[in-house]
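Turn these sequences into a full structure, and let the hints guide you.
Take a look at the letters that make up each chain.
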Amino acid sequence: MNKKVKNASVALEGVTHNMTLMLGGFGLCGIPENAISELVNKEIGGLTCISNNAGVDDFGLGLLLKKHQIKKMIASYVGENNEFERQMLSGELEVDLIPQGTLAELCRAAQSGFPAIFTPAGYGTEIAEGKEVREFDGKMYVLEHAFKADFAFVKAWKGDSAGNLIFKGTAKNFNFNMCGAANITVAEVEELVPLGELHPNEIHVPGIFVQRIFQGTDYEKRIEQRTTRKKE
Amino acid sequence: MNKKVKNASVALEGVTHNMTLMLGGFGLCGIPENAISELVNKEIGGLTCISNNAGVDDFGLGLLLKKHQIKKMIASYVGENNEFERQMLSGELEVDLIPQGTLAELCRAAQSGFPAIFTPAGYGTEIAEGKEVREFDGKMYVLEHAFKADFAFVKAWKGDSAGNLIFKGTAKNFNFNMCGAANITVAEVEELVPLGELHPNEIHVPGIFVQRIFQGTDYEKRIEQRTTRKKE
Amino acid sequence: MLDKTSIAKRIAQEIKNGFYVNLGIGIPTLVANYIREDIEVEFQSENGVLGMGPFPFEGEEDADIINAGKQTITALPGASFFDSALSFSMIRGKHVDLTILGAMEVAENGDIANWKIPGKMVKGMGGAMDLVASAENIIVAMMHTNKAGESKLLKKCSLPLTGVGCVKKIVTNLAFLEIVEGGFKLVERAPGVSVETIRKATEGNLIITGEVPEMKI
Amino acid sequence: MLDKTSIAKRIAQEIKNGFYVNLGIGIPTLVANYIREDIEVEFQSENGVLGMGPFPFEGEEDADIINAGKQTITALPGASFFDSALSFSMIRGKHVDLTILGAMEVAENGDIANWKIPGKMVKGMGGAMDLVASAENIIVAMMHTNKAGESKLLKKCSLPLTGVGCVKKIVTNLAFLEIVEGGFKLVERAPGVSVETIRKATEGNLIITGEVPEMKI
Numbered sequence: 001m002n003k004k005v006k007n008a009s010v011a012l013e014g015v016t017h018n019m020t021l022m023l024g025g026f027g028l029c030g031i032p033e034n035a036i037s038e039l040v041n042k043e044i045g046g047l048t049c050i051s052n053n054a055g056v057d058d059f060g061l062g063l064l065l066k067k068h069q070i071k072k073m074i075a076s077y078v079g080e081n082n083e084f085e086r087q088m089l090s091g092e093l094e095v096d097l098i099p100q101g102t103l104a105e106l107c108r109a110a111q112s113g114f115p116a117i118f119t120p121a122g123y124g125t126e127i128a129e130g131k132e133v134r135e136f137d138g139k140m141y142v143l144e145h146a147f148k149a150d151f152a153f154v155k156a157w158k159g160d161s162a163g164n165l166i167f168k169g170t171a172k173n174f175n176f177n178m179c180g181a182a183n184i185t186v187a188e189v190e191e192l193v194p195l196g197e198l199h200p201n202e203i204h205v206p207g208i209f210v211q212r213i214f215q216g217t218d219y220e221k222r223i224e225q226r227t228t229r230k231k232e
Numbered sequence: 001m002n003k004k005v006k007n008a009s010v011a012l013e014g015v016t017h018n019m020t021l022m023l024g025g026f027g028l029c030g031i032p033e034n035a036i037s038e039l040v041n042k043e044i045g046g047l048t049c050i051s052n053n054a055g056v057d058d059f060g061l062g063l064l065l066k067k068h069q070i071k072k073m074i075a076s077y078v079g080e081n082n083e084f085e086r087q088m089l090s091g092e093l094e095v096d097l098i099p100q101g102t103l104a105e106l107c108r109a110a111q112s113g114f115p116a117i118f119t120p121a122g123y124g125t126e127i128a129e130g131k132e133v134r135e136f137d138g139k140m141y142v143l144e145h146a147f148k149a150d151f152a153f154v155k156a157w158k159g160d161s162a163g164n165l166i167f168k169g170t171a172k173n174f175n176f177n178m179c180g181a182a183n184i185t186v187a188e189v190e191e192l193v194p195l196g197e198l199h200p201n202e203i204h205v206p207g208i209f210v211q212r213i214f215q216g217t218d219y220e221k222r223i224e225q226r227t228t229r230k231k232e
Numbered sequence: 001m002l003d004k005t006s007i008a009k010r011i012a013q014e015i016k017n018g019f020y021v022n023l024g025i026g027i028p029t030l031v032a033n034y035i036r037e038d039i040e041v042e043f044q045s046e047n048g049v050l051g052m053g054p055f056p057f058e059g060e061e062d063a064d065i066i067n068a069g070k071q072t073i074t075a076l077p078g079a080s081f082f083d084s085a086l087s088f089s090m091i092r093g094k095h096v097d098l099t100i101l102g103a104m105e106v107a108e109n110g111d112i113a114n115w116k117i118p119g120k121m122v123k124g125m126g127g128a129m130d131l132v133a134s135a136e137n138i139i140v141a142m143m144h145t146n147k148a149g150e151s152k153l154l155k156k157c158s159l160p161l162t163g164v165g166c167v168k169k170i171v172t173n174l175a176f177l178e179i180v181e182g183g184f185k186l187v188e189r190a191p192g193v194s195v196e197t198i199r200k201a202t203e204g205n206l207i208i209t210g211e212v213p214e215m216k217i
Numbered sequence: 001m002l003d004k005t006s007i008a009k010r011i012a013q014e015i016k017n018g019f020y021v022n023l024g025i026g027i028p029t030l031v032a033n034y035i036r037e038d039i040e041v042e043f044q045s046e047n048g049v050l051g052m053g054p055f056p057f058e059g060e061e062d063a064d065i066i067n068a069g070k071q072t073i074t075a076l077p078g079a080s081f082f083d084s085a086l087s088f089s090m091i092r093g094k095h096v097d098l099t100i101l102g103a104m105e106v107a108e109n110g111d112i113a114n115w116k117i118p119g120k121m122v123k124g125m126g127g128a129m130d131l132v133a134s135a136e137n138i139i140v141a142m143m144h145t146n147k148a149g150e151s152k153l154l155k156k157c158s159l160p161l162t163g164v165g166c167v168k169k170i171v172t173n174l175a176f177l178e179i180v181e182g183g184f185k186l187v188e189r190a191p192g193v194s195v196e197t198i199r200k201a202t203e204g205n206l207i208i209t210g211e212v213p214e215m216k217i
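Protein chains in written order, with my numbering: chain A, 1 to 232; chain B, 1 to 232; chain C, 1 to 217; chain D, 1 to 217.
You may find that some hints are simply not true.
What the hints assert, rightly or not - Below, simulated DSS-like cross-link-like pairs (lysine-lysine); rule was C-alpha separation at most 25 Å, straight line:
(1) A:Lys-6 <-> C:Lys-16
(2) B:Lys-66 <-> C:Lys-155
(3) B:Lys-71 <-> C:Lys-116
(4) C:Lys-155 <-> C:Lys-94
(5) B:Lys-168 <-> B:Lys-158
(6) D:Lys-147 <-> D:Lys-200
(7) D:Lys-169 <-> D:Lys-116
(8) A:Lys-158 <-> B:Lys-168
(9) B:Lys-131 <-> C:Lys-9
(10) B:Lys-139 <-> C:Lys-94
(11) A:Lys-221 <-> A:Lys-66
(12) A:Lys-67 <-> D:Lys-147
(13) B:Lys-139 <-> C:Lys-155
Derived by calculation from the structure, the hints in this document are not laboratory data.
As structure tokens, then:
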């Protein structure tokens, strides 16, 4: 099953204005850098983006925000981006903040064919306003509905032409849960390896969840908070 | 975090009559052979067992059935076990058959703190009788409640003292989903390796889901249907 | 009239390039042998493998690598192993393109019964209920009548259901049929089988529009 | 009166052998430095790592290995990486034993507010709502009063809530308190701080039973 495409430009075929996109990554860790660049190049606007964070001012989803390509942002934490805050407070940008665990699980629900979940997160807060709540075994839960998205853009460490993916470190994060959670999942990888090189025990995402795959270029992999200690 | 115990006997401390147990494996693939033997040795009875299958007459859960240690079986497919059928038809054994995907997901729900799920499986069949059903986007779903179990017994290929596990081949099956789905999860492994030997990218089950771990002995790993082809 | 092998061959023609396919036990398993060589297909088995290959060579069986029928199998390059929840995510999430399974009864509205004969046979539904509840493309492979000669294509199933309104296509020893509004649409006759024979063997409403071609196997 | 380091040290005393602990950003992060050497503790970070170690040596930072505060970290032997859904399975499923986080306000019934100041600050709740909704053991680390000198231990939170009735213990610069039926139970005073000082700084109901000992740091 050959899902390999040449580059980000081909991988983004069919992405049009006003679509809903999922984008993997936590902070700047594991973000689909090539897909984001290509969305900027193609000047696709009016987007609804589902992503845990919104990048920083000059990287990640911040690049799309700067060009006003995002109409609505669905995220759990957006604290690292001043332009984001400005657009939100001025009303240019719609924002739907939801708990991080709910965000992850609503991706998984979409991936797994579940229409909705009952989660305790946000019960009794403004997040639950207007939502159905329900008691199970004496504890209250909020009913949250699975995401629906047109494209999911994920980034992995290694992949093969069948769409199988392996992540490195904490870059697994939402990239795993978004595979197969949209109509079309596009994976970009640091290294596209020959079929059969990834051991079937070690594959994180089976290829069935991925429709297109390409080897990305020029990964910056920017570090948001460089914290170190000195050797003694 | 040292969770290593000496053997199956120690690992089963606290297992008493009439408990609800989860047991991993699909058919005879990846079943916790040592834990099952020890349940037979300890003659613990009145058990409710949650397991995809019920073993064969003389292996796997069939060993517990033969000794009438199982009061109730929750499974998806029990076709390989004649003694099972006899006990069920004679009324000696309570049986709750549920769809395989529901079985897996109700383990995951218990592992993940979800009280219930909406699944399409079984809608319109006797499985859904007496259960709440609900429409989402024009499709009907059945509300199923997460399992509650006292112990989960799983079997992995490799593990370490922190409880981290790696599976081999299709032996991952329900073993993965049952980890952390009961009050206490006991993992038996073919090989207990030194801490740090399992690569953090390759660990299937993070140790937090496992309370006790031991290296099993005398694995038979019986093959249920030996199918082969000849070399040409 | 088709034998089991020919039923499998006819079903194989329905498989398109790029399909992920889940095969049930029995006739469906045979389908894997007759896939056109110029298309790429991957087989998923719900116990946790994608990219299932043929049986292993003698002496190379691995107890840890089986299919849902508990048979020893192999994994092709690009295969992956996974847990049961993720396996049913593939199925429930509609990532598997085609499900082929056997049946004891199919009703003209697409209902299917294949897991239980009350008082007689209670093996369990395994993954069948998840498969039929979620798959958008289900082909049933079965004999047109049971051993007593009674039709298995019914107005209404008499056995406990596995799923409701889910079957789309049926290939039997006598015919290829599609479930449409109002009943079983006869699409093709098995070689040498008359429309009249099929009509007699079908209890449910049989819909015939124009000339019914003979299958090409 | 405690400084931030001392607050972290006092909280560290609450961590028991074998605990899996999730640390929030700010003072909670400091707690990792003061764990007793004779106990085993593992730190979970909700972005997908268990067995978090110290910051990497200079030059050994890896952009793919960070904590929830987006800081570069290391992984200890026995560590594992995982996806966000499984990470919150650990949290929601009550596998994490202790959650330590900061707060802007805590109410006497255990309500907590720490994610939003309407019209001023809207960074989002991140994983905090999942953590407080699920953890059975939550310790809040914060200053007793805000910069304007107003109490952060209230009868009722004025800011949008993060979770309801979930906080169990609070360590501030002035005191160690537990949430009990009826209000904040004063368990320990910070060194040199009088009960009267604590009473004045606490808007919510302060419960004092007998002599209140001074903390040992």
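Non-conforming hints, listed in increasing numerical order: Hints 2, 4, 9 and 12 are the ones this structure does not satisfy, whereas the remaining hints hold.
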